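Student: We have chain A; now place chain B onto it with these hints.
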Amino acid sequence: MNPISPLIHLVDDDASVREALALLIGTVGLRVASWADPQDFMARFDRDAVGAIVLDMRMPGLSGLAVIDELRGQGVDQPVVMLTGHGSVDMCRRAFKAGAAEFLEKPVDDELLLGAVQAAVRAHVALRRQGAAGREARERFALLSAREREVLARVIQGLTSKQIARVLQLSPRTVETHRAHLQDKLQVQTLAQLVRQYAALVDEGAA
Amino acid sequence: MIQTLKAWRDARRRLLALGALACVLGATAIVRVDLAQRRDAFLAEARDAHRLLGQGTARLDAVLATLALLAPPGPAGADATARLPALYPQVLAAWRREAAGGDWPDAAARSGVPLAALAQAEARSRGLPAATRHAVLAGLDTARGRYTLVLAGTPASYALQVDARQLVAPGAWPWRSGQPMLARLVWGGQAVTLQDERGDPARPRGLTRGFTFEQTLASASQDFGFQAQRLVGPAQWPWAALVAWALLCAGATALALRGQRQRAERRRAAELERLARTARLGTLGELAAGVAHELNQPLTAALSGTQTALRLLRDEPLAAPTQATVLQALELAAAQVRRAGEVLARLRRQMQPGAAPAALAPVELGVLVRHLGVLWAPELARHAIAWRVEGQAPPALGDAVAAEQVLHNLLGNAVQALQLGPSTGRQITLRLSATLTHACCAVRDNGPGVPAAAQARLFAPFFSTRDGGLGLGLPLCQTLALAMNGAVRFQVPVGGGAEFVLELPLARTSPAPP
Chain A
1 MNPISPLIHL VDDDASVREA LALLIGTVGL RVASWADPQD FMARFDRDAV
51 GAIVLDMRMP GLSGLAVIDE LRGQGVDQPV VMLTGHGSVD MCRRAFKAGA
101 AEFLEKPVDD ELLLGAVQAA VRAHVALRRQ GAAGREARER FALLSARERE
151 VLARVIQGLT SKQIARVLQL SPRTVETHRA HLQDKLQVQT LAQLVRQYAA
201 LVDEGAA
Chain B
208 MIQTLKAWRD ARRRLLALGA LACVLGATAI VRVDLAQRRD AFLAEARDAH
258 RLLGQGTARL DAVLATLALL APPGPAGADA TARLPALYPQ VLAAWRREAA
308 GGDWPDAAAR SGVPLAALAQ AEARSRGLPA ATRHAVLAGL DTARGRYTLV
358 LAGTPASYAL QVDARQLVAP GAWPWRSGQP MLARLVWGGQ AVTLQDERGD
408 PARPRGLTRG FTFEQTLASA SQDFGFQAQR LVGPAQWPWA ALVAWALLCA
458 GATALALRGQ RQRAERRRAA ELERLARTAR LGTLGELAAG VAHELNQPLT
508 AALSGTQTAL RLLRDEPLAA PTQATVLQAL ELAAAQVRRA GEVLARLRRQ
558 MQPGAAPAAL APVELGVLVR HLGVLWAPEL ARHAIAWRVE GQAPPALGDA
608 VAAEQVLHNL LGNAVQALQL GPSTGRQITL RLSATLTHAC CAVRDNGPGV
658 PAAAQARLFA PFFSTRDGGL GLGLPLCQTL ALAMNGAVRF QVPVGGGAEF
708 VLELPLARTS PAPP
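From first to last, the protein sequence lines stand for chains A and B. Under my numbering, the first sequence has 49 at position 49, and the numbering climbs by one with no breaks. Numbers given in my numbering equal positions in the second sequence, counted from 1, plus 207.
So here's chain A without its partners, still in its complex pose (with noise of 0.2 Å):
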């Protein structure tokens, strides 16, 4: 399904954990880049690939916190695993409200830390597959002609080719050509996958 396999970055100033944590998640084949500084981790990792970090709390030089809060400020979409040796409840507030995807007590449970950083990866995947389907409909939905998108608005509203073709005085003929034109053209099957995929692109395009 994906070009490349979700990389998780592991940021721990501990190397010995590193090495260790980085075990664990290979088992579940997913790809590991380890960092020990979380300001070179931010100077260099890969924001554009798919997957997910695994952030300590209690760093040397920038805390766990100040991390996420940059992510964020950059714009960096992957889910954050918050881990720490503090387990107080004013830490799990503040990392929940700086944006943490989840927050785990050192040491973790390998259920917990695999079952966090997997759901962390699976809802990137699905954040990124939307953002590209979105970003696929809208090229598509570019390539319609003015008629063929009036008709896309009428099939849309839940009209049968009759009343569009008397709403826009074309022959019914003319209105399933354009229906078929514009079908080919967005790559759906059924009247459903239209709907779902271009009502909101529609929507747009009228406002």
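Everything labelled a hint here was simulated from the structure, so no lab data went into it. Computed from a predicted model, the values in this text were never measured in an experiment. Here a beta-carbon is modelled for each residue, glycine too, at the ideal position from N, C-alpha and C. Just so you know, not all the hints are guaranteed correct.
As the list claims (entries may be wrong) - When the alpha-carbon atoms are kept at most 25 Å apart in a straight line, the in silico SDA-like pairs for lysine to any residue are as follows: (1) K97(A) - D310(B); (2) K97(A) - D606(B); (3) K97(A) - P712(B); (4) K97(A) - A552(B); (5) K97(A) - S63(A); (6) K185(A) - E111(A); (7) K97(A) - L713(B); (8) K97(A) - D674(B); (9) K97(A) - H645(B); (10) K97(A) - A568(B).
What the hints assert, rightly or not - If you want the footprint, here are the derived chain A segments under chain B, 3+ residues with CB under 8 Å: (11) 140 to 148; (12) 160 to 172.
What the hints assert, rightly or not - Derived, one-sided and incomplete: chain B residues facing chain A with beta-carbon distance under 8 Å: (13) A427; (14) S428; (15) G432; (16) Q434; (17) N503; (18) S511; (19) Q514.
Tutor: Just chain B now, kept in the frame of chain A:
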């Protein structure tokens, strides 16, 4: 605790006022009691003097009456008069005039008594009814303190020249108090000042007329008015008692002030002890957190490693008996690591200083700084460290106790850093300031500063540039500041040394009234 500082000053002021008040009231009381006592003494002396003068004048009347009655006529009578001055020291001279056409002797005229005055007095005496006839004053010589008495009689009239100052024998005057007193005899607008036993009746300077006494002598012949006066004023105040009282008051006030200062010192020591105690508790919490962090990392690695192995084994099992044993061993290891983690978590929750969310309220950093200045004053003086406070900061939102703790720790670090440097020119500067969002207090010392290599790890637990330092002071400051949504930063000030800045969010965004 801030109120305590003000209370010290108030108590000091109260003590001083109390001492001054006691001094003034006591002095007033002393002067008043002294005045009352001296007035009583004066009145007693004046009454005694009056009585003695009365007796003196009565004696003269008796002498004259005796002469008139008993003196033989002729030269024998004249002899009697001539002998009188030897018998009575107050009688300067005695003269006699035969009623049947005699004259007053020339001696009378030589003594300065006009014969005409004698004759007039004699006439007036003779004019009195015989039954109550008494002598009459023939004149008063105020300069010499003499007067002349004339008693008309038959066959002869007698005159006595009297030394008023001898009316009472010297040594019989009742001047018991030994204080100067003015005593006068007044007659017809003239006055004779009576000598007292010390010669000159000194006139003391006084603010008022002082004590006075005035009474007429109960003598028909010598109806002098007796006046006594004793002046009172600062010169007569009981200065010895007043000075003693003032010294007593001063001594008592000094003692009270010293006691108060000692109490203040004790309270200062108690305040420092309180800060040290909370620091120790905070350090313990920081220690727990630090240990937890340091142990958590290897535990995390161990657990993850073990669990990785478990997962791999489950996917690709070993030969049957080995597989079960290895799985069992690894599961045992994982369980023990989890158990260790739980112990640490429990310890941390119990010890963590920031575990209980601080009650945030407006905090005046300036007030905290002043208070710390008072607490640290003796320590700063001991190490010859100059103390400066600059700038101002608006109210911050925080916890006063925690903020004070942070500044106290930073001050402690600064003092210790300065002891590593030269012993002169040591200075700690506290600079209050504000950004758009935060109130700041910078603690700067001009000590040797922090090595560049150590700067990045200053706030890491168990890192210390000090020999024997636990390395938990700054992490504790950081934890306390974070709990108040603030921070502690390090920066290298221009001109060397070290500067730590406590930043707390401004309080003005809170709905609480300023």
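Student: Does each hint fit the structure? Answer for all of them.
Tutor: How the hints compare with the structure:
1. K97(A) - D310(B): violated (140 Å)
2. K97(A) - D606(B): holds (23 Å)
3. K97(A) - P712(B): Between K97(A) and P712(B) the Cα gap is close to 18 Å, so the pair holds against 25 Å.
4. K97(A) - A552(B): Given pair K97(A), A552(B) holds - Cα atoms ~23 Å apart, limit 25 Å.
5. K97(A) - S63(A): holds (15 Å)
6. K185(A) - E111(A): violated (46 Å)
7. K97(A) - L713(B): Judged against 25 Å, a Cα distance of about 21 Å means the pair holds.
8. K97(A) - D674(B): Violated, because 40 Å separates the two Cα atoms, which is more than 25 Å.
9. K97(A) - H645(B): Roughly 21 Å between the alpha carbons, so the hint for K97(A) and H645(B) holds.
10. K97(A) - A568(B): With Cα atoms ~23 Å apart, K97(A) and A568(B) stay inside 25 Å; holds.
11. 140 to 148: Contact hint for the segment 140 to 148 of chain A vs chain B: violated, 0 residues under 8 Å.
12. 160 to 172: n = 0 at 8 Å, threshold three: violated.
13. A427: Result: violated, 114 Å to nearest chain A Cβ.
14. S428: At 115 Å from the nearest chain A Cβ, S428(B) fails the 8 Å test, so the hint is violated.
15. G432: Nearest chain A Cβ about 102 Å off; hint violated.
16. Q434: Violated - the Cβ of Q434(B) stays beyond 8 Å from chain A, reaching only about 97 Å at its closest.
17. N503: With a minimum Cβ separation of about 4 Å from chain A (threshold 8 Å), the hint on N503(B) holds.
18. S511: holds (4 Å)
19. Q514: holds (4 Å)
The earlier numbered hints that this structure contradicts are 1, 6, 8, 11, 12, 13, 14, 15 and 16.
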